[in-house]
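First residue of the sequence shown? That's 71 in the numbering used here, and the numbers climb one at a time after it.
Please keep in mind that the hints were generated in silico from the structure rather than gathered at the bench.
Owing to the predicted nature of the structure, the values given are computational and were not obtained by experimental measurement.
Any given hint might turn out to be false.
[As the list claims (entries may be wrong)] Quick list of the computed label-pair ranges, beta carbon to beta carbon: (1) Q173 with Q281: 28 to 38 Å; (2) S246 with L175: 39 to 49 Å; (3) S174 with R123: 33 to 43 Å; (4) F170 with T190: 14 to 24 Å; (5) Q173 with L312: 27 to 37 Å; (6) A146 with R327: 43 to 53 Å; (7) D260 with R109: 11 to 21 Å; (8) H177 with I298: 27 to 37 Å; (9) R291 with F170: 28 to 38 Å; (10) Q173 with M279: 17 to 27 Å; (11) R76 with F320: 45 to 55 Å; (12) I202 with L324: 38 to 48 Å.
Every residue gets a Cβ at the ideal spot worked out from N, C-alpha and C, and that includes glycine.
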Amino acid sequence: MKPNERSWVLITGASSGFGEEFARQYAAQGKSLVLVARRLDRLEALSAQLRERFHVDVLVEQIDLSSIPAIIELHARLKERNIVIDVLINNAGHGLQGPFLAQSLDHSLAMIAVDIASVTALTHLFAADMRIRQRGHILMVASLLSFQGVKNFAVYSAAKAYVLRFSEALHRELKSDGIAVTALCPGMSDTGFAESARQKITPVLKRVMMQPQPVVRAGIRALQAGRISVVPGLGNKAITVLTWATPRWFHQGLMARIMGV
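Please work from the sequences and hints to get the whole structure.
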């Protein structure tokens, strides 16, 4: 990186949940931020708080991430302004609980557009810039559900499995280009995602629910350390080990029971 070149952190889905917490923790590190989401009012309120508290530069971009042309335009605008993205946080995601055939096709395709297509496009565009500079960091926010297909989360768990495998492959592909790629696989967390996904909160899920702060902190530390992936929380780690150690019929049935489906 050139001596006079400032690095920025781009965070998608920054208006709430993990995205908002990523913004707060990176701002506390003194990083300049590009916050991307659809809800402009939430983005502007957050950016004002971060500027006042941490005295960092914050750029707000209202983007519908289901639109690939909009993502391409965002990338072009940032390049025109010489904004160098050193850290890309692919956090935005869309989920919905319920039987696959009970959901409209449009809902399923919208999930794929945000959880798969937009992540692929953002990574391709910004990783290409990072490769030229021989420096960069990309964090993919997957899910504990990415380790298995879960009843009534068919599209979401499949989409997050794509994110996890995509991230694992790029971890090795891009390492020689100076780019660290890490997958963050959180379990149930108090981010508001469950409400928007119309997810049933079972007693077991309440007991293992994590707050956003330690999840995001684990993701940032793993990315800085160049790890391939991280599963925050002892309970979530135990579920991951159980998935590896037991037959599919067992752990998928157990997960369906835990998820209340």
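Legend entry - Distance restraint evaluation - R291, F170, Cβ atoms, bounds 28 to 38 Å: holds, 36 Å
Inset, instruction - Could you check the hint for me, namely that A146 and R327 are 43 to 53 Å apart, CB to CB? - result: holds, 48 Å
Inset, instruction - Mind checking the hinted window 33 to 43 Å against the Cβ distance between S174 and R123? - result: holds, 42 Å
Legend entry - Consistency of beta-carbon spacing, R109 to D260, with hint 11 to 21 Å: holds, 19 Å
Legend entry - Cβ separation of Q173 and Q281, checked against the hinted range 28 to 38 Å: holds, 29 Å
Legend entry - Distance restraint hint 27 to 37 Å, applied to the beta-carbon atoms of Q173 and L312: Holds, since Q173 and L312 (Cβ atoms, about 28 Å apart) stay within the stated range.
Inset, instruction - Mind checking the hinted window 27 to 37 Å against the Cβ distance between H177 and I298? - result: Taking Cβ atoms as reference, H177 and I298 lie about 32 Å apart, which means the hint holds.
Inset, instruction - Check the following: the C-beta atoms of F170 and T190 are separated by a distance inside 14 to 24 Å. - result: Given range 14 to 24 Å: holds, Cβ gap about 22 Å.
Inset, instruction - Note whether the CB distance of R76 and F320 lies within 45 to 55 Å or breaks it. - result: Distance hint for R76, F320 holds at roughly 51 Å.
Legend entry - Status of the given 17 to 27 Å range, CB of M279 versus CB of Q173: holds, 25 Å
Legend entry - Beta-carbon spacing of I202 to L324 - inside the hinted bounds 38 to 48 Å or not: holds, 46 Å
Inset, instruction - With respect to the beta-carbon atoms only, verify the hint that S246 and L175 lie 39 to 49 Å apart. - result: At 41 Å between Cβs, range holds.
The structure meets every hint from the earlier list without exception.
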